[in-house]
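Chemist: Here's the letter readout for the chains.
2 protein chains.
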Amino acid sequence: MDFKKVVVAGSGVLGSQIALQTAFKGFDVTIWLRSEGSIDRAKPKLERFKNIYLQTLEAMKTNPQAYCRGLSDKKDLTDDKIDELKDNLIKGYDNLTLTTSYEEAAKDADLVIEAIAEDPKQKIAFYTELAKYLPEKTVIVTNSSTLLPSTFADYTGRPEKYLALHFANDIYRNNTAEIMGHANTSSEYYNQVVEFAQAIGMVPLKLKKEQPAYILNSLLVPFLSAAQGLWADDVADVETIDLTWRLATGAPLGPFQILDIVGLTTAYNIGLMDPRSSDINTIQGKVSAALKKKIDAGELGVNAGKGFYDYTDE
Amino acid sequence: MDFKKVVVAGSGVLGSQIALQTAFKGFDVTIWLRSEGSIDRAKPKLERFKNIYLQTLEAMKTNPQAYCRGLSDKKDLTDDKIDELKDNLIKGYDNLTLTTSYEEAAKDADLVIEAIAEDPKQKIAFYTELAKYLPEKTVIVTNSSTLLPSTFADYTGRPEKYLALHFANDIYRNNTAEIMGHANTSSEYYNQVVEFAQAIGMVPLKLKKEQPAYILNSLLVPFLSAAQGLWADDVADVETIDLTWRLATGAPLGPFQILDIVGLTTAYNIGLMDPRSSDINTIQGKVSAALKKKIDAGELGVNAGKGFYDYTDE
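Chains A and B, in that order, give the protein sequences.
Counted the way the numbering used here counts, the first sequence spans residues 11 to 324.
Counted the way the numbering used here counts, the second sequence spans residues 11 to 324.
Same shape as in the complex, but just chain A (with noise of 0.2 angstroms):
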């Protein structure tokens, strides 16, 4: 893996985090955006991300509890080394470039990472009109959680050259990054992702064919289901039923305060996809309508102070 340039495209809070990270690791970035307003929007993004770096690197100074993985592999630091990834992360900050110009973004790009907006048609636009300038060599990678890249493999231009590359949110704490190809990723460029996942300090997580849900999700969401249709079901209080995963499996967290770290919404969402939600005599019926009513009381979870559990006074 020989990457240089890499651009992302799209600046929500996942491209904004990808983007700083990537320049904070030594890279030189170009964020592609739709237009001169998603400049606008981005630039306060990237300096919220900036200061949540460098408070973060500040406090690993004094505070062992502070310490992210994907900031540095190694826990203990000393202040002069702290420094100097916080002048990383500034000249990273510093040196990225912002563009709406397809062919700016793809002059010598080794890397573009995707993450535009969950939306097919945006991202075959996106893809197909990149693919004119393009040279030969790039890799594309694309964010989707929900889209598989089988869908938009032949838009790239380059089928063997195009993977998933799924990080998770706040990437600079939960550095995981999930690979996983299409049936004709070529081995080469899959492993070219891995080491780049790495260089930017992630911990690469291998799939070794298309899944939908990828991993996390694929064990997540029948384990979150499982824990709702108790509490919807009123078998069980969400204290008690947390109390007993924590104490069986010694994991910190129950499924409910998973639940509320997710947001009620997205679990909603979620349930939503099963038929069976529309059903009030089903278990699934159940859950959608005891979250639909915390989700009208606007408990959503930790971001709302209140989800499953009242978060107020922290």
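Some hints here could point you the wrong way.
Because identical chains share one entry, a pair is satisfied inside a single copy or across any pair of copies.
[As the list claims (entries may be wrong)] Simulated pairs of lysine-lysine, DSS-like, Cα-Cα distance not exceeding 27 angstroms:
{"no.": "1", "residue 1": "K55", "residue 2": "K302"}
{"no.": "2", "residue 1": "K304", "residue 2": "K218"}
{"no.": "3", "residue 1": "K218", "residue 2": "K296"}
{"no.": "4", "residue 1": "K303", "residue 2": "K216"}
{"no.": "5", "residue 1": "K14", "residue 2": "K142"}
{"no.": "6", "residue 1": "K316", "residue 2": "K216"}
{"no.": "7", "residue 1": "K216", "residue 2": "K14"}
{"no.": "8", "residue 1": "K219", "residue 2": "K304"}
{"no.": "9", "residue 1": "K219", "residue 2": "K302"}
No lab work stands behind these hints: they were computed from the structure.
Could you slot chain B onto chain A? The hints should help.
Modeler: This is chain B only, laid out in the frame that chain A set:
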């Protein structure tokens, strides 16, 4: 709750632990067994657990890792206090009464904990015969993992005083007790059983109604099934799946580490309950076939020295 005499019926791995734990906490314990042969088989099991308790308590004097929640609710015990607990254990062990007589067991019993085989016929025969001798006051609980109390309530002659009290293996360490009534269990006796669970060092986990698989297995089964599906469908390696779960949730163990503790035979048998497991073209069929191959190779889990992981060096 003013239980004094507690009868434990059955002396399998769990029955032995329940009897010893209850005696350790100061109750007058009688173990009822079907035959003199059962008594001969029970004695070495009880002695083995007595030694495990004593060794664990002794280890707690010097090694904080040895601490077991079921032995004491406090972590920092003086050596004198630990010696006192060892005395309690020896006293409890010496006072155990083993009998094959329903009449002797039933006499003045406050609580019967049924922990005999998971065979409805045997349970019905036991409850029916016991009911002839039991005083009116006696509360009965079943430790059944897979059968519902409503199935047996009428045979006990006291449905309102009958419910489930479900222990985990190694109860001195894994001190959870799921407590579950059927529709006609009286809240008065339900609450007495909650108090009793606390009195023998368990954390009571209260279910508000009957639920097959209780809380823990209602969560574990779909979670572990999803993980097995990813593995049997060759989406990712066992190590990668476990790493994903640990990194994303902070849990100490991934699903395959848990499966190695549960045992692959148990996972296989649970899988067989799904009719799709007989069709190799389904994920459930692939899971069954892949588990069968490992079981045939003797890779049964931690206790066998090998399962999904190798434990022979430990």
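Chemist: Since the copies are identical, ignore which copy is meant and state whether K304 and K218 lie within 27 angstroms (CA to CA) inside a copy, between copies, both or neither.
Modeler: Intra 39 angstroms, inter 21 angstroms, cutoff 27 angstroms: inter-copy only.
Chemist: Could you figure out if K219 and K304 sit no more than 27 angstroms apart (CA to CA) within one copy, between two copies, both or neither?
Modeler: between (37 angstroms within a copy, 23 angstroms between copies)
Chemist: Using 27 angstroms as the alpha carbon limit, work out where K218 and K296 are close: within a copy, between copies, both or neither.
Modeler: Cα proximity of K218 and K296: across copies only (17 angstroms, versus 36 angstroms in one copy).
Chemist: Reference check for the pair K303 and K216, CA-CA at most 27 angstroms: within, between, both, or neither?
Modeler: Between copies, since 24 angstroms is at most 27 angstroms while 38 angstroms is not.
Chemist: Within a copy, between copies, both or neither: where do K219 and K302 come within 27 angstroms Cα-Cα?
Modeler: For K219 and K302, only the inter-copy Cα distance (24 angstroms) is at most 27 angstroms; the intra-copy one is 35 angstroms.
Chemist: How would you classify K14 and K142 at a CA-CA limit of 27 angstroms: within, between, both, or neither?
Modeler: within (21 angstroms within a copy, 84 angstroms between copies)
Chemist: How would you classify K216 and K14 at a CA-CA limit of 27 angstroms: within, between, both, or neither?
Modeler: Within one copy only: 23 angstroms inside a chain, 57 angstroms across chains, cut-off 27 angstroms.
Chemist: Within a copy, between copies, both or neither: which one fits K55 and K302 at a CA-CA cutoff of 27 angstroms?
Modeler: neither (30 angstroms within a copy, 52 angstroms between copies)
Chemist: Classify it for me, K316 with K216: is the Cα-Cα distance of at most 27 angstroms met within a copy, between copies, both or neither?
Modeler: Cα proximity of K316 and K216: across copies only (24 angstroms, versus 35 angstroms in one copy).
Checked against the numbered hints above, the structure breaks only hint 1 and satisfies the rest.
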